[in-house]
Amino acid sequence: MGFFGKASLSRSEPTWLDREKARLKAEADGMGGARAAEVVTNARREERRLFKLERARAEREKIERQRAVEQGRVALEEASDPRLDPTQEFRADLVLAQTSSGVGELNEETESLLKKSDPMNPEFSEHRVFEPAAPIPGSRADEFLASLANGPMPCNGRAANVPNTGIIDGNVELVDEKNISEPNIQNQEHLQLTLEEAFFLFSALGVLHIQLPDTKSKAPSPIDLLILFAKHAAFPPLARSKARPLIPVPSLAVNDQPLHARAVSHAIAVAPLVKDPTESSLRVPITATPLSPQPPHLVASQTSLDPMASQQLPAPDNHFLINYVVYHHFRSLGWVVRPGLKFGADYMLYNRGPVFSHAEFAVIIMPSYIDAYWETPSGKRERRVKGEKDWWWLHCVNRVQSQVKKTLVLCYVDIPAPDSGQDCRGVSGDVEVARVLRRYKVREFVIKRWAVNRSRE
Amino acid sequence: MADADEDVIPRSGPLQEDVDLSEEIQDFRFLGTATGNDVKIPKRGEKDFEPHETALQSNTLAASRQAMHNALSFQRVHPPKGVALATFHPESNMAYALNPKGSPLFVRMGRTLSKAEDPIGDHGLRGQRMWFLPEEVIYLVERGTIDLRWPVQEDDEDDKGLPMSLQAAYAMFLGEQQGLGGALTFERYSVYSGLKRAGYTILRAASFEGSGPPATANCYPPLPQRTWQAGLLSLAWLKYIFHNSEKEGHERLEYGLGIAPGLYRSYADIYRRLALIPWYDPTNTQITAASQSSPTDGEIRVTYHVWKPGSATFKKSDHGPPDFRIAVVDARETTAPSLQQLGNLMATLPYEPPKAEDQLYQKLKHGYKNVILAIVDQGVVSYLRISDAAFGRERLYERAGRGFGGKRGGRGGRGRGRGR
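Read top to bottom, the protein sequences are chains U and A.
Under full-length UniProt numbering, the first residue of the first sequence is numbered 1, with each subsequent residue one higher.
Under full-length UniProt numbering, the first residue of the second sequence is numbered 1, with each subsequent residue one higher.
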């Protein structure tokens with residue numbers, strides 16, 4: 001559980017405020033502050049880029065030496081001096097850099113990489129003039145970056161892009177930290193949840209309070225929210241039928257003061273979803289005010305929907321519904337489910353979370369129309385997904401996933417026929433979300449490339 | 001040679017298991033040095049991305065090319081004792097040879113038919129007559145292992161029959177005509193010859209043509225009798241109680257989907273209450289009358305049974321279960337499989353669950369039933385292994401001892417900035 005949403009100005013969790021404060025503080029006193037994820041990532045990328053430039057330079061030199069030998073300019077034994085061949089060390093470092101798995105282990109790997117590459121510095125000085133900067137207090141990573149920035153310039157002069165870690169500064173003085181006051185910044189970012197995540201937090205866990213734009217004093221019930229989200233599964237939002245009136249948007253139910261989205265995001269980000277496990281009992285922490293569980297027939301907004309509820313239910317193959325079914329299925333098993341847009345899939349499954357390990361599975365949702373209704377002429381007309389995917393698409397997706405070392409999972413969702421009104425109604429006669437969702441069936445297949453030559457033993 | 005390159009999985013880092021040496025184009029210079037019994041496939045040489053204008057590079061290239069030409073220009077000869085003569089039999093679209101020797105291939109290919117099956121009948125040398133399926137015939141003729149002849153006519157000079165050319169062999173054996181068990185298409189032959197060249201032993205499956213025999217009992221999981229016999233102390237028994245979500249359904253549904261606010265003693269309780277979506281459980285399916293129904297058009301079926309090259313248990317008379325099952329699909333005629341196609345295909349496969357002590361990912365990837373799809377696109381074959389994974393059976397929250405619970409584990413020396 002956990003890892004819901006993405007902050008709008010950060011890479012994942014909301015760190016913009018901390019980064020801004022650190023940046024301002026660093027500008028003020030020239031020291032590197034606490035590092036957020038983005039800073040660490042940028043530092044690592046920059047260091048890797050410089051490393052690649054150096055490696056390319058070393059290989060060019062090797063070729064030059066070889067050419068010189070052949071043309072008889074230089075004696076053979078002098079050119080093959082292993083001391084002057086840093087490409088071997090480059091390979092070892094490459095190994096080291098690539099075995100660092102997971103973002104969280106960055107600091108240790110960077111440290112060890114830097115320790116290994118220090119012996120190269122004296123070699124650089126053979127070829128170039130190397131002026132170490134004034135001694136700069138700070139971590140070793142900062143030292144190395146500073147020395148690189150002020151020292152050798154790669155051939156195409158890209159050293160100007162050394163990241164602003166706040167230490168590449170000619171004049172450095174130790175500053176007494178007590179004199180720095182925290183700059184007062186308004187937090188400008190918010191946590192963005194996808195519709196599936198929001199619905200899960202709202203209805204399954206009950207920790208999210210959703211405020212709809214039309215503010216009156218009624219809480220949206222789960223079924224109202226389902227219909228609303230399903231309507232927004234496409235852009236522009238779907239209208240169920242032009243003839244019928246639009247669903248009256250349920251108004252806000254406020255038990256106490258309405259929670260602003262910012263407060264909700266802060267609550268989710270800061271207050272962990274677990275309590276200290278050493279306690280003898282655990283509570284589901286209700287960080288937001290829970291919706292009071294009123295019986296549905298007492299909620300006024302629902303009674304207006306009730307006689308027409310079944311017609312206003314979204315189509316069974318609605319995009320949001322199918323995605324949510326799969327999302328809920330994997331979340332209920334314990335996986336952390338994140339959007340898979342970056343990898344060309346629908347969802348990525350993480351064992352504990354994106355920060356602990358890379359995702360192992362990439363899920364692609366394949367809606368299936370098996371029910372007999374979809375074979376009838378009206379059923380065929382109403383299908384949202386027409387046409388089938390071909391084998392080339394499957395191979396493309398599989399290639400992409402195996403390139404990033406993930407396993408492809410095809411998740412087939414068996415879409416039921418549109419409800420005639422019986423299945424979705426609970427004991428009280430009203431449409432219930434759980435019954436709507438329970439009509440779907442899920443089946444997963446794992447796809448893997450099979451290599452002829454590798455399976456011989 | 002160009003095709004072999006497409007099979008290479010790109011190297012990314014020092015993970016050696018990703019590097020498949022035998023798929024890469026080898027450096028032929030090392031072939032000359034490869035003698036003796038402990039020869040390994042030589043690693044391929046350094047890849048050059050651009051010409052350096054050094055003599056070293058061009059010399060290396062020339063030497064490698066010359067080595068390849070030397071290896072390929074080796075003249076192949078047939079020993080006089082090793083010639084195998086095979087005769088084409090038009091009625092059954094197969095070919096037979098009398099006691100063929102001369103190649104180790106015959107150990108695994110061809111078979112003698114019994115009295116009832118032999119198309120020629122029982123007279124003569126039935127026991128020594130080895131029949132070859134169409135794909136085997138084409139493969140052997142391509143290699144030059146057998147000498148295929150047309151049936152003997154009366155006005156032939158000797159008693160051997162006209163030699164059959166390779167074009168004729170392709171024309172006769174590839175096509176609509178039914179051999180013993182089904183028609184051979186070009187796609188199936190591509191898969192056959194590719195696998196055969198790699199050293200596997202390949203036989204036709206029962207569902208080569210048509211639906212094959214109905215699903216037998218080994219396609220379904222064993223009945224759970226033992227858990228009941230284990231008594232009240234068996235934890236599996238308790239699991240059946242909790243897995244039944246119907247009982248709690250009515251109280252849960254009032255709160256939307258799930259968790260009523262309140263006191264919970266463990267995470268597992270919360271997760272169990274969240275379980276809502278029915279998922280396909282391969283360990284729960286049993287033989288029913290409906291599962292024996294005949295398939296409709298467009299079904300995918302297993303085409304070949306494949307055994308590994310080093311398989312010690314394979315005998316012609318008694319094969320044993322195959323190591324792999326291959327289903328051949330034409331990429332240009334079909335689309336990505338639908339749930340019905342995959343479901344029906346899985347129903348014909350035997351039930352092979354993963355070992356209980358495996359790791360989580362291995363269990364999920366192994367799956368309860370698996371098949372290899374060979375997707376042929378005009379002669380280019382690509383293999384995909386599809387396995388029926390049941391994610392619902394591996395519940396992450398029940399795995400003990402992993403500190404499962406969220407952001408707790410991220411603190412410590414590795415906290416990157418969320419540690420405050």
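Please keep in mind that the hints were generated in silico from the structure rather than gathered at the bench.
It cannot be assumed that every hint is accurate.
What the hints assert, rightly or not - Here are the simulated lysine-lysine pairs, DSSO-like style, with alpha carbons at most 30 Å apart: (1) 308(A) x 406(U); (2) 315(A) x 405(U); (3) 448(U) x 101(A); (4) 47(A) x 406(U); (5) 448(U) x 389(U); (6) 406(U) x 386(U); (7) 448(U) x 363(A); (8) 81(A) x 405(U).
Claimed, not checked - Calculated from the model, a selection of chain U residues having no Cβ within reach of chain A, i.e. all distances over 12 Å: (9) 212; (10) 233; (11) 235; (12) 314; (13) 326; (14) 368; (15) 398.
Claimed, not checked - FRET-style restraints, in silico, Cβ to Cβ: (16) 382(U) x 107(A): 35 to 45 Å; (17) 334(A) x 237(U): 33 to 43 Å; (18) 142(A) x 371(U): 45 to 55 Å; (19) 392(U) x 76(A): 56 to 66 Å.
In this text, a Cβ means the ideal position worked out from N, Cα and C, and glycines have one as well.
We went through each hint and held it up to the structure:
1. Between residue 308(A) and residue 406(U), the direct Cα distance comes to roughly 27 Å. Compliance with the 30 Å bound is thereby established for this hinted pair.
2. At roughly 39 Å between alpha-carbon atoms, residue 315(A) and residue 405(U) are farther apart than 30 Å, so this suggested pair is violated.
3. For the given pair, residue 448(U) sits about 40 Å from residue 101(A) by alpha-carbon distance, which is inconsistent with the 30 Å threshold.
4. Between residue 47(A) and residue 406(U) the alpha-carbon distance is near 27 Å, which keeps this suggested pair within the 30 Å criterion.
5. Taking the CA atoms of residue 448(U) and residue 389(U), the gap is near 18 Å; set against the 30 Å cutoff, the hint holds.
6. Between residue 406(U) and residue 386(U) the CA atoms are separated by roughly 28 Å; this keeps the pair inside 30 Å, and the hint holds.
7. Taking the CA atoms of residue 448(U) and residue 363(A), the gap is near 14 Å; set against the 30 Å cutoff, the hint holds.
8. The suggested pairing of residue 81(A) with residue 405(U) is violated, with an alpha-carbon distance near 52 Å, which exceeds 30 Å.
9. Consistency note on residue 212(U): stated as away from chain A, and its beta-carbon is indeed over 12 Å from all of that chain's, at 16 Å minimum.
10. Residue-level check passed: residue 233(U) sits 18 Å from the nearest beta carbon of chain A, beyond 12 Å.
11. No beta-carbon of chain A is positioned within 12 Å of the beta-carbon of residue 235(U); the least distance is around 26 Å.
12. Remark: the non-interface label on residue 314(U) is consistent with the geometry, its nearest Cβ contact in chain A lying 16 Å away (cut-off 12 Å).
13. Remark: the non-interface label on residue 326(U) conflicts with the geometry, its nearest Cβ contact in chain A lying 8 Å away (cut-off 12 Å).
14. Some Cβ of chain A comes within 12 Å of the Cβ of residue 368(U); the nearest lies about 4 Å off, and the non-interface call is violated.
15. The claim that residue 398(U) lies off the interface is violated: its Cβ sits roughly 7 Å from the closest Cβ of chain A, which falls inside the 12 Å cut-off.
16. At roughly 59 Å, the beta-carbon separation of residue 382(U) and residue 107(A) lies outside the given 35 to 45 Å, and the hint is violated.
17. At roughly 36 Å, the beta-carbon separation of residue 334(A) and residue 237(U) lies within the given 33 to 43 Å, and the hint holds.
18. The hinted window of 45 to 55 Å between residue 142(A) and residue 371(U) holds, with their beta carbons roughly 49 Å apart.
19. Between residue 392(U) and residue 76(A), the C-beta spacing of about 38 Å breaks the proposed range 56 to 66 Å.
In summary, the structure is inconsistent with hints 2, 3, 8, 13, 14, 15, 16 and 19 from the numbered list given earlier, while agreeing with the others.
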